[in-house]
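Sequence lines, in order, name chains A and B.
For the first sequence, counting from 1, position 19 maps to 19 in the numbering used here; every step adds exactly one.
To convert a position in the second sequence, counted from 1, into the numbering used here, add 100.
Where hints are given, some of them may not hold.
Unchecked claim - Among chain B residues calculated to face chain A with C-beta under 7 Å, some are: (1) F116; (2) L117; (3) I122; (4) F129; (5) Q149; (6) Y153; (7) V157; (8) V161; (9) A175.
Derived from the structure by calculation, the hints contain no laboratory data.
Glycine is no exception: its CB is placed at the ideal position from the N, C-alpha and C atoms.
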Amino acid sequence: MIIIANLFIGSGLFFMVFGVLGLLIFPDLYTRLHPAGKAGTAGVLSIFVGLIIYSGFTPLSLRIILIALFIVITSPVASHAIARGAIESGIKPWEANKK
Amino acid sequence: MNPFLVITYILSVTSFLCLIRIVRGPTHFDRLIGLNLMVLNITVIIAAQAVYYQRYVYFDVALVYAILGYISVIAISKYLTGRELHK
Chain A
1 MIIIANLFIG SGLFFMVFGV LGLLIFPDLY TRLHPAGKAG TAGVLSIFVG LIIYSGFTPL
61 SLRIILIALF IVITSPVASH AIARGAIESG IKPWEANKK
Chain B
101 MNPFLVITYI LSVTSFLCLI RIVRGPTHFD RLIGLNLMVL NITVIIAAQA VYYQRYVYFD
161 VALVYAILGY ISVIAISKYL TGRELHK
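Model the full structure from these sequences, guided by the hints.
Structure (structure tokens):
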């Protein structure tokens, strides 16, 4: 059981670390939004699933489920609001070999 | 090695890297993306510490922090929409 929880936590840390690396090295706002959204949903959710397996069926795990549901609902909404605001204020998407 | 401490150390480093993107982002929306991801990182850190120490109060702190981060991101992106501040 602990091995399964460690697997979930390890995959979540993988998603978070590479999402933040993509946030640092990608060339544009819209390309940066993509790994940030993946790290925001997939990484956080798998770390929370690992924590739930660790703590068992207690009131603690119910609160973790509450936070996970909130993040699942609101993280794509925040990413969509950022992208919509950017494209309405006139930021052009990046193109390779444009110069 | 304790997995909660591993989560805490690694996500502290990644939230610092998000802070680098907040400082040197070319537009304001880059800073918003960094802020959103940093709030999620710190929420996961608080939840891991709550499971490690078995404190229920930290979960309320994590939930309120996630709600405040979401509301601030939505409000700032609504405020910046349609304003050409990036030129």
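For each hint, the structure was consulted:
no.	hint	in the structure
1	F116	violated (9 Å)
2	L117	holds (5 Å)
3	I122	violated (10 Å)
4	F129	holds (4 Å)
5	Q149	violated (11 Å)
6	Y153	violated (11 Å)
7	V157	violated (10 Å)
8	V161	violated (11 Å)
9	A175	violated (10 Å)
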